[in-house]
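Here the numbering used here is used: the first residue of the sequence shown is 22, the next is one more, and so on.
Hints listed in this document are in silico derivations from the structure and should not be mistaken for laboratory results.
None of the hints are false.
Here are the simulated SDA-like cross-link-like pairs (lysine to any residue), alpha carbons at most 25 Å apart as the crow flies:
{"hint": "1", "residue 1": "Lys25", "residue 2": "Ser255"}
{"hint": "2", "residue 1": "Lys184", "residue 2": "Pro268"}
{"hint": "3", "residue 1": "Lys25", "residue 2": "Lys186"}
{"hint": "4", "residue 1": "Lys249", "residue 2": "Ser50"}
{"hint": "5", "residue 1": "Lys200", "residue 2": "Leu226"}
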Amino acid sequence: MVKKIAIYGKGGIGKSTTVSNIAAAYEESAFVIGCDPKADTTRTLVGKRIPTILDTIRDNKQPTLDDVLFKGFNDTSCVESGGPEPGVGCAGRGVIVAMKLLDKLGAFDSNPDLVIYDVLGDVVCGGFSVPLREEYADEVYIVTSGEYMSLYAANNIAKGVKKLKGKLGGIICNCRNVKDEIEIVTKFASLINTNVIGIIPRSDLVQQSEFKATTVIESFPNSEQADKYRELTSTIVNNDNFTIPEPLNSEEFEEFFYSFVE
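Let's have the full structure, built from the sequences with the hints guiding it.
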């Protein structure tokens, strides 16, 4: 049975890094679909930026699968939906167009064992609900740190998951070395009716890998950081504990966050 997951998070929180390292660590066949307008999810898997679906169909109205799907590290299948030029159009449109084209081209006919959607979580746009709304993804994981705006975005994502009756598999804490960070994120997870499924420490190896357009798994396979990504991957693959989130209202969120401020 194919495991189809969507990983959401605020822009810049390390969501794409997490997704690419999960795919690199996965021992079976993985398919990564970048649904972020920055189109950088698959860069460290392929070793370079790949053409997005939106850019491709602007020049070629009848693309083949080979025009939009590229193979990366660990034989991972990689696709980027892309987005419009800044200030023009709806970024979520790329997700909608990408899903329709991938279906039409039979992209999923190879039956990958794991499909991962990397979805931006701080844009209020219907296009970003596509993986859940159209049932392309069965499970949701939210990446956050202990920072205010990251948690604020995570709470808003939880609202969307609840509205769409999605299954929340847990919170991934991508640490930024904030004071009491793990305690803050753990408390937040508990308050919205889920748990912390993984803790990824801050590490210079992430930046070093990204400078080389590789994952930590590829460049530093024997590092503790690589082991953290492998541990997270195993936890997600074997996870069977899902909830409907209970996001906080504005007053509750402020009370929660500022209870940690001295």
